[in-house]
Amino acid sequence: MNWEAVYRKHSPGVYQYCLSLAQQTQEAEDLLQETFVKAMRSGEALRQPEKVGSWLLTIARNLFLDGRKKQERRGAQSVELTSTAAEAAIPQADHPESVLLREDFAGALQRVLANLPEAYQTAFTLGVVQKLNYRDIAEITGWSAATVKINIYRARQKVAAALGDYMR
Amino acid sequence: MNGCEEYRMKLSALLDGELPPEDLPDTVRHLAGCEACMKQFQAFQALQQRVNQEVAAPAVPNRLWTAIKRESSAAQAAIHPYRPLAGRILRLAAVIVICFGLGYMLSKPVFRLQKADPQTPIVLASSPGSMTDERFLEVTRELLTADPAYHRKMYLILSLLMDRYGEGNLQSLRESQTPVPATPVMETTNGGKIEAYKY
Chain V
1 MNWEAVYRKH SPGVYQYCLS LAQQTQEAED LLQETFVKAM RSGEALRQPE KVGSWLLTIA
61 RNLFLDGRKK QERRGAQSVE LTSTAAEAAI PQADHPESVL LREDFAGALQ RVLANLPEAY
121 QTAFTLGVVQ KLNYRDIAEI TGWSAATVKI NIYRARQKVA AALGDYMR
Chain C
1001 MNGCEEYRMK LSALLDGELP PEDLPDTVRH LAGCEACMKQ FQAFQALQQR VNQEVAAPAV
1061 PNRLWTAIKR ESSAAQAAIH PYRPLAGRIL RLAAVIVICF GLGYMLSKPV FRLQKADPQT
1121 PIVLASSPGS MTDERFLEVT RELLTADPAY HRKMYLILSL LMDRYGEGNL QSLRESQTPV
1181 PATPVMETTN GGKIEAYKY
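First to last, the protein sequences are chains V and C.
With this note's numbering, the residue at position 99 of the first sequence is 99, and numbering never jumps.
With this note's numbering, the residue at position 143 of the second sequence is 1143, and numbering never jumps.
Chain V on its own, in the form it takes in the complex (with noise of 0.2 Å):
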């Protein structure tokens, strides 16, 4: 498998869900990181290449949620919340004024995601951000379909209560 070329199409989306789990840029990338090298070091595994996307995702999540088990059982504080993950999400843009705008979206998003249970994180952002179809989302996550049906409804439900201002 070409690995640089996978990381080329693949590590955008991957990161973006990093982000939304890890809250901070560099455990974001350490945890992309961690990700390719895990898929690098299993690649021989995976039987249906052209899911390499949905597979890498699903590697991304059960490597966070796995660290942060570990982090539970050493009795670690939470990460506090920086704005270094709502930064990195924020696109680049010419005009000022757009820049402030995607700014004020982007970061209150990242906000709000932040303080929702990793469910609804993962549910908002591969099923609203990435439009991942449904059957993708269970695979990821080894979700039922209904469950992905109402973590999303859910996810969505909070996030529009919580943002209600900017759609205004």
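Source of the hints: derived by calculation from the structure; they are not laboratory data.
Ideal Cβ placement from N, Cα and C applies to all residues, glycine included.
Here are the computed lysine-lysine pairs in the DSS-like style, where the Cα-Cα straight-line distance is at most 25 Å:
| id | chain 1 | residue 1 | chain 2 | residue 2 |
| --- | --- | --- | --- | --- |
| 1 | V | LYS38 | C | LYS1069 |
| 2 | V | LYS9 | C | LYS1069 |
| 3 | V | LYS158 | C | LYS1039 |
| 4 | V | LYS51 | C | LYS1069 |
| 5 | C | LYS1039 | V | LYS131 |
Partner residues aside, some chain C positions facing chain V, computed with beta carbon under 8 Å:
| id | residue |
| --- | --- |
| 6 | MET1009 |
| 7 | VAL1051 |
| 8 | ALA1057 |
| 9 | LEU1064 |
Computed footprint of chain V on chain C, listed as stretches where at least three residues anywhere in the stretch have a Cβ under 8 Å from a Cβ of chain V:
| id | segment |
| --- | --- |
| 10 | 1038–1049 |
| 11 | 1065–1073 |
With chain V fixed as given, assemble chain C onto it according to the hints.
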């Protein structure tokens, strides 16, 4: 989940293109008649529009690919340094086991010997100090049962010997001065020839 909650979930699925077609008429009908659900649907639509317009995939730092390649190579090297040595040890162990196994098998008969049948028509004579008749029979049975191909050859050899020198009378073989051919050629019943000692 109450009635409206159920419909709002369907509206969320509708927005994602995941509502089953058979649910569409009922959902749209409810939407047309329920102001609260219509407001929720509009909020979902507005949120989706803002996300589409203003949330883009973030730029991934270029240095990360270099770091990934480096770590992947290091991970491979960390796993594999012992593999050649472990492989050699396993191969050596396999060879030793096979040698011992072969040695054991060759030192033992494949099948248990049966006791000499006293009714056997072959009566053998032996000179003092050499193999007893019973032992000869035992060895012969061992050879005959060990290898079917060898069995056929031995059968033919014994038949030849019995024909030429009298049934079971090896004493006459010794006295006859007739050398046993080094590679006797025997005729089979179908007219073919077999060289006895060739496999």
